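One-letter residues, chain by chain:
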Amino acid sequence: MPFLRVDVSSAEPVFAQIVLGVKRAVATGRLRVGDRLPSVRELARELVLNPNTVAKAYQVLEADRITTSRRGAGTFVARHRPVLKSAERRRRFRKALDEALADAVNLGIGVEEARKVFEGALRRFHFEEQT
Amino acid sequence: MSAHDPIVFDRLTHYYGRTRALDTVSLRVPEGSIFALLGRNGAGKTTALDCLLGFLRPTRGRALLLGEDAAHLPPALREKVGYVAEGQRLVPWMKVRDLVRFQRAGFRSFDEDYCLRHLRRLGLPLKRRIFNLSRGMRAQLALSLALAQRPELMVLDDPAMGLDAVVRREFLEVMIDLIQEEGRTLLFTSHILSDVERVCDHVAILDRGVLRIDAPLDMVKARVRRFHALFEGEAPPAPAIPGLVRDRRLHNELVLTVVDGDEEVERACRDLGARRVDCEGLSLEGLFIDYTAGRDLEGEA
Amino acid sequence: MRPIFWRELKELALPAVIAVLAAVPAAASMSSRADPEELIAFCAIAGALLGVVQGLLDRLRRSDRFVLHRPLAAGRLQAARTFAGLAHLLLVLFAYLAAHRIAVAYEIARQARFRDRFGVVIDMMNRSPPRNLEASQILLLAGFLLAGWAVVRACVGCARWGWIPVLVAALGLMLLAWTARFSSMTGAGLFLLGTAALFSAGGWLFLVGDRR
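Chains as they are written, first to last, in my numbering: chain B, 1 to 131; chain A, 1 to 301; chain C, 1 to 212.
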């Protein structure tokens with residue numbers, strides 16, 4: 001997965017970086033539902049990492065229902081099934097947005113500019129159809 | 001922590017004459033872990049490994065290898081331990097092929113076919129004498145020989161020493177394949193912290209014979225942070241905070257490395273009049289330097 | 001243990017070869033004139049020298065972690081090295097004796113020719129006629145060679161006490177040389193006993209020691 005970059009010197013645990021990287025890839029459409037992730041061994045070789053770290057990342061991804069694994073076939077990006085109640089989902093999104101907007105204000109960005117940036121970002125990400 | 005930890009140091013202490021090389025070092029290497037033993041030159045790493053492998057009898061305390069006291073190792077136990085010594089001198093006058101045969105004669109579990117296949121794949125010339133091999137080739141050879149034993153436990157003393165970046169990467173890739181094997185434990189020492197960071201899950205740091213850290217790497221990174229406190233004028237001396245690892249004064253900045261101390265540090269610095277306190281996470285290199293730099297470097301306590 | 005033995009044999013070869021090359025001219029020059037004490041001292045010292053070299057190599061080996069880490073008891077490892085060294089020692093002895101015999105034969109022939117030509121034997125230095133060594137003498141000399149070697153090697157090889165053992169060994173050898181004045185038959189007998197004990201112990205380790 002060439003888009004996945006990991007910084008081993010960062011204080012952030014490597015497995016968390018992988019999880020985040022995969023989540024972001026799914027969110028931006030780089031990885032689509034049904035795409036096969038490389039095996040633990042393959043990814044460990046590619047990123048030159050301890051396979052246990054990669055395995056841990058894969059475990060977290062599966063626990064978060066981002067991926068699903070099929071015996072013998074591998075690990076695949078799962079169809080998103082909402083786990084949390086919609087109120088909780090909104091609460092988390094609002095929190096992340098609050099942080100980003102606080103940064104924007106501190107940087108001195110105006111409302112109009114913020115809106116433009118926001119709309120540009122919406123286009124970059126791959127939102128699922130709301131059912 | 002189990003009774004089956006393959007490696008245990010139990011209050012290991014060793015003196016070379018008057019010089020203390022190891023000071024009551026106690027640690028356990030969990031089964032199946034990739035354990036990095038780090039330290040500056042002369043910190044005691046090789047002494048610890050010598051005690052572990054029965055080459056040296058410690059002054060006090062003991063080391064346990066696969067459950068047995070290292071000072072009285074039953075020779076047959078060495079079959080299960082693959083060892084790559086520092087410098088990888090091997091037997092200089094032998095040819096590669098002869099050395100493989102020699103190892104096969106010495107170790108019952110030695111898989112000669114596997115070894116030769118591996119060496120051919122690496123492109124190592126079998127007919128060449130070992131003193132004619134490059135450093136990188138000798139390192140690869142030493143590792144292949146140890147692997148061919150099919151050991152439960154591998155102990156590598158600075159295997160990448162003196163290797164250039166390309167060879168080191170190849171070496172690392174071999175190690176990663178190695179880690180795939182179930183249940184195998186790996187203990188190694190190294191100075192190349194970026195490589196260590198990639199593969200190890202546990203880390204221990206020796207500083208002048210004293211064990212400073214012994215924990216999973218992720219945990220250390222999560223709990224140890226560096227704080228930068230900015231002051232109006234000259235920075236004051238560091239406050240007494242439990243968990244302080246290192247402090248430095250740079251003009252109007254006080255840099256503190258602290259374990260588990262996020263809120264306390266913030267509070268203590270503001271009490272001292274800090275204008276601003278920033279916090280950063282540390283890479284293994286940063287951690288290593290802060291834990292082993294020693295007080296003599298800055299001249300300040 | 002056998003592969004270790006062959007390996008050690010090769011490793012210790014260089015000093016042995018040098019010793020052989022030194023033994024041959026030594027034998028030639030000593031063929032006609034050495035008196036017993038000189039010869040004994042020479043053998044003891046020659047053995048000691050080889051013992052020093054092998055002992056120092058032993059010390060080096062002690063820190064060779066690659067060799068030490070194998071499923072073989074340290075004692076067996078050392079025994080293999082000792083026997084390799086002993087094999088070399090005996091080779092040197094054999095070379096010396098062969099050279100000696102040839103030198104004596106040559107000297108006898110040369111003097112015979114001289115006598116035939118001039119009808120008289122002129123010996124300016126009043127040397128005794130060249131003679132082959134008797135069996136008991138050979139055994140005695142071999143005994144001293146071996147003793148010199150064994151004691152010095154053991155002391156030098158044991159890294160624990162520095163150079164003190166070497167001095168002790170030297171003194172011991174001088175004592176041995178002095179006691180040899182009194183009887184060469186006893187010496188020969190002792191040597192035989194010692195060698196028999198050494199070889200039987202070594203042979204047992206050699207054969208029984210291997211796991212395969």
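What the hints contain is simulated information worked out from the structure, not anything from laboratory work.
Careful, some of the hints might be misleading.
Below 25 angstroms or equal to it, Euclidean Cα-Cα: the simulated PhoX-like pairs (lysine-lysine) are [as the list claims (entries may be wrong)]:
id: 1; chain 1: B; residue 1: Lys116; chain 2: B; residue 2: Lys95
id: 2; chain 1: B; residue 1: Lys23; chain 2: B; residue 2: Lys95
id: 3; chain 1: A; residue 1: Lys80; chain 2: C; residue 2: Lys10
id: 4; chain 1: A; residue 1: Lys127; chain 2: A; residue 2: Lys80
id: 5; chain 1: B; residue 1: Lys85; chain 2: B; residue 2: Lys95
id: 6; chain 1: A; residue 1: Lys127; chain 2: C; residue 2: Lys10
Predicted, not measured: the structure shown is a model, and the values here were computed from it.
Against the structure, the hints come out as follows:
1. B/Lys116 - B/Lys95: holds, 20 angstroms
2. B/Lys23 - B/Lys95: holds, 18 angstroms
3. A/Lys80 - C/Lys10: violated, 28 angstroms
4. A/Lys127 - A/Lys80: violated, 28 angstroms
5. B/Lys85 - B/Lys95: holds, 16 angstroms
6. A/Lys127 - C/Lys10: Within the cut-off at roughly 18 angstroms; holds.
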